[in-house]
Amino acid sequence: MPALLSIKGMTHFFGGLKAVSNFSYDIPEGIIYGLIGPNGSGKTTIFNLITGIYSPTEGKVFFKDKDITGAKPYKIVQSGIARTFQNLRIFSSLTALDNIKIAKHFGSKSSLATSVLRLPSFMNEEIAIKKESLELLDLMHLSHRAKENAKNLPYGELRRLEIARALATKPQLLLLDEPAAGMNPKEVEELMGLITHIRNEFKVTVFLIEHHMQVVMGICEYIKVIDFGETIAEGIPEAVAKEPRVLEAYLGKRGA
Amino acid sequence: MKKFNLPKLLIFVIAFYAAIQILYSTEIMNGYILHIINQSLIYVILAVSLNLINGITGQFSLGHMGFAGVGAYVSGTISTLVFKINPSSPNGMLIFILAIVAGGLAAAVVGFLIGFPSLRLKGDYLAIVTLGFGEIIRTVFNNIDYVGGPRGLLGIPKFSNFTTITIAALITIVVIRNLVESSHGRAMLAVRENELAAELVGVNTTRYKVLAFVIGAFFAGIAGGLFAHLLQMAHPTQFGFIKSVEVLIMIYAGGVGSITGSTIAAFALTFLSEGLRIGIRAIADATGLPIGGEWRMVVYSLLLIFIMLFKTEGLMGTKESKLIRLKEVE
Chain C
1 MPALLSIKGM THFFGGLKAV SNFSYDIPEG IIYGLIGPNG SGKTTIFNLI TGIYSPTEGK
61 VFFKDKDITG AKPYKIVQSG IARTFQNLRI FSSLTALDNI KIAKHFGSKS SLATSVLRLP
121 SFMNEEIAIK KESLELLDLM HLSHRAKENA KNLPYGELRR LEIARALATK PQLLLLDEPA
181 AGMNPKEVEE LMGLITHIRN EFKVTVFLIE HHMQVVMGIC EYIKVIDFGE TIAEGIPEAV
241 AKEPRVLEAY LGKRGA
Chain F
1001 MKKFNLPKLL IFVIAFYAAI QILYSTEIMN GYILHIINQS LIYVILAVSL NLINGITGQF
1061 SLGHMGFAGV GAYVSGTIST LVFKINPSSP NGMLIFILAI VAGGLAAAVV GFLIGFPSLR
1121 LKGDYLAIVT LGFGEIIRTV FNNIDYVGGP RGLLGIPKFS NFTTITIAAL ITIVVIRNLV
1181 ESSHGRAMLA VRENELAAEL VGVNTTRYKV LAFVIGAFFA GIAGGLFAHL LQMAHPTQFG
1241 FIKSVEVLIM IYAGGVGSIT GSTIAAFALT FLSEGLRIGI RAIADATGLP IGGEWRMVVY
1301 SLLLIFIMLF KTEGLMGTKE SKLIRLKEVE
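Sequence order for the protein chains is C and F.
Position one of the first sequence corresponds to residue 1 (my numbering), numbered consecutively onward.
Position one of the second sequence corresponds to residue 1001 (my numbering), numbered consecutively onward.
What the hints contain is simulated information worked out from the structure, not anything from laboratory work.
Heads up, the beta-carbon is just placed ideally off N, CA and C, and yes, glycines get one too.
Be aware that one or more of the hints could be misleading.
[What the hints assert, rightly or not] Pulled a few chain C residues facing chain F out of the computed Cβ check, cut under 10 Å: (1) Ile-53; (2) Ser-55; (3) Tyr-74; (4) Ile-102; (5) Phe-106; (6) Arg-118; (7) Glu-162.
[What the hints assert, rightly or not] Straight line, CA to CA, 27 Å or less: simulated DSSO-like cross-link-like pairs of lysine-lysine: (8) C/Lys-109 with C/Lys-130; (9) C/Lys-72 with F/Lys-1122; (10) C/Lys-170 with C/Lys-130; (11) C/Lys-130 with F/Lys-1322; (12) F/Lys-1243 with F/Lys-1122; (13) C/Lys-131 with F/Lys-1327.
Next comes chain C alone, as it looks inside the complex (with noise of 0.2 Å):
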C-alpha cells in the first residue's frame, strides 16, 4: 500500500542545534500513529516541517506522492493535511463557531464580489457552511458553546475546539500535538474515544504526538519513539513499551 505521507531523510538544524537527524516515517492510510519521545526530542519540530512551517534542512516530504517539501502552510493545509498544536492557537476574542467557519474559507467558491453582493449562491454557501460546522461543533460536544467567545470557554473545551478547527478544513491526515495536554483523567477518557471515532467517522488518518502514556498506549496501533531527533524504537505499542532503550530515554539508565 502506498504511504499517505512519506519522510524521507528529514534533517533539520537550528543554527547549530540538530533538532531532528534523518528521520524517516512512512504512514498509511487509515491508521492512528504515534509519535513519542521525552521533552526536546523533537517531536514538535517534525510536525513543523510537515506542515510547512519550517523548512528542513535535508530531505523531503511527499503527501499522496507529491512533493509538499517548503510548500507555504496554508497550500500544505489545501492539500489535506491539518493539525493542532501543543499550544493552542485559538482565534480567541471570536466566537466557536466562527473558529470553525474560519477553518471552512478555502472551501469556499464565492468571490469577493457575490459575497459583497450577497447573491443567492454565496448565501446558500453560507448556509451550508454554517450547517457543516455546527455538525463539528456537536461531534466534539461543544454544540453549547457555539456562540460562546472562545477565551470563555475551559482548557478542556479549547482543545476539542482545536481539533473541531482543524477537521473543518477536511483533512485526509490529521497531526494532534499534545491533544490530551492539561486534560483531566475524565477528558483524556473522552478524548481518546472522540480520536477513535474521527478515525471511523471521517476516514482521516491520525498522527499524534503525546506525552500522556495512557492516551499512546491506548488508541495508537503503531509507535515510533524518538530522542534527540533520532528514532530508538518502532512498532505496536505493546512491543515498543518493552524496549530497553525506551524504557532508558524515559527512566534513565539502569544501574551504572
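Following the hints, complete the assembly by docking chain F onto the known chain C.
For chain F alone, coordinates are given in the frame of chain C:
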C-alpha cells in the same frame, strides 16, 4: 411567500437623509451645519475603511490620509485639469463620478504597494513604514507644479454635496459590512487573531493582508476625492500625518473592529471638534478670559484621554448595532 423587507440600515439612512434635507430647506439648519455633516460623513468613509485594515485585519496603518490624498489629487486632476468641468457642464456629474472612482482605484494601487511591507512587518514597525509612506505622498504633491505644488490644487468644482456623500458613505458601510460577514472577512479576522493559526487552517494570509490594504485604500481614495470636490481644493497639508492620526483616533474611540463604533465616532468627534470651537469662543466672550480657539484641542484631547481611561475598548468595543448587523443565516 417571502415578505420583502427593506433593510433597516437603508430605512435609517433614508430617514436621516430626509430629516436633514427638510431641516436645511426650511432654514432651521444653516449651511455651516450641513457642511459639518458632510465632513462627518466623509470621515465615516475614512474611519470605516481604516477599520478594515487596523480593526478587522489587525494591521497598523498610520498613513490612511495618504491614500485619501492620492484620491483627492487624482480625481481633482481629472475633473479640473483634464476635463475642466463645472457643475453646469453637460455630463459634469458623470465625469465627477468617474473621477472619484479613478481616484479610489489609484489609491487602491498605492494600497497594493504599501500592503507588501505588511507581509514582513507587524505592529509598531508597520506603523512607522505607513507613516513614512503618508509623508512621502504629501511631499510628492508638494513638489508637483502641475497640481499646484505647495499652493495646492485650486478651483476644483463643487460636485460633492449631501446627496453624493451620503450615498458614498452608505455604500462604504454596506460593502465593508458584507465583506466582514463573508468567508473573506472571516479570513481577515483570522489574520488579526493569530496569523500562524490562520495560515494553518488554509488562509492565504499574504493575500488577505494585501487585500485589506487595497480595499481600505480604495475607499480612502473615494473619501479624498469627495473632500476635494467639497472644499474645492486639495492641499498637501490636508493629507499629513496629523490628519491620519485623527482618523486613527476615531476608530479607537469608537471601538476597534466595530463599523458602528467608527461611524458614531466619526460624527461625534467631527462635531465635538467644531462645537468646542464655538463653545470656547462663547466662553471667552462671556467671561473676557484670554482664551482662544486653540484651547479646543486641549479639551478635545482631554476628552479622548478620559474615553480611553474609562472605556478602553472604545464606545462600542467590537459590537455592532442592530442597524449594521446582518441577520444570521439559518
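Item to complete: Grab the minimum C-beta distance from C/Ile-53 to chain F and call the hint holds if it beats 10 Å, violated otherwise.
Response: holds (7 Å)
* C/Lys-109 and C/Lys-130: Cα distance at most 27 Å? -> holds (15 Å)
Once the shortest beta carbon distance from C/Tyr-74 to chain F is found, is it less than 10 Å?
holds (5 Å)
| request: Take a quick look at whether C/Lys-170 and C/Lys-130 sit within 27 Å of each other, Cα to Cα. | output: Between C/Lys-170 and C/Lys-130 the Cα gap is close to 15 Å, so the pair holds against 27 Å.
Can you confirm whether the C-alpha distance between C/Lys-130 and F/Lys-1322 stays at or below 27 Å? Distance of about 21 Å is within 27 Å: holds.
For the pair supplied as a hint, C/Lys-131 and F/Lys-1327, is the alpha-carbon distance within the 27 Å limit? Holds. C/Lys-131 to F/Lys-1327 sits at ~16 Å (cutoff 27 Å).
_Min Cβ distance, C/Glu-162 to chain F: is it shorter than 10 Å?_
holds (9 Å)
> Given C/Arg-118 as an interface hint, is the shortest Cβ-Cβ distance to chain F below 10 Å?
Replying inline: Interface hint status for C/Arg-118: holds (6 Å vs cutoff 10 Å).
### Message
Against the 27 Å threshold, does the CA-CA distance of F/Lys-1243 and F/Lys-1122 hold or violate the hint?
### Response
With a Cα-Cα distance of about 22 Å, the restraint between F/Lys-1243 and F/Lys-1122 holds, given a limit of 27 Å.
Checklist line | Satisfaction of hint between F/Lys-1122 and C/Lys-72, Cα-Cα up to 27 Å | finding: Holds - the C-alpha atoms of F/Lys-1122 and C/Lys-72 are around 20 Å apart, at most 27 Å.
Can we keep the C/Ile-102 interface hint, with Cβ of chain F closer than 10 Å?
Result: holds, 5 Å to nearest chain F Cβ.
Note to self: Does C/Ser-55 hold up as a contact with chain F if the rule is Cβ-Cβ below 10 Å?
What the structure shows: violated (14 Å)
Taken one by one, the earlier hints fail for this structure only at number 2.
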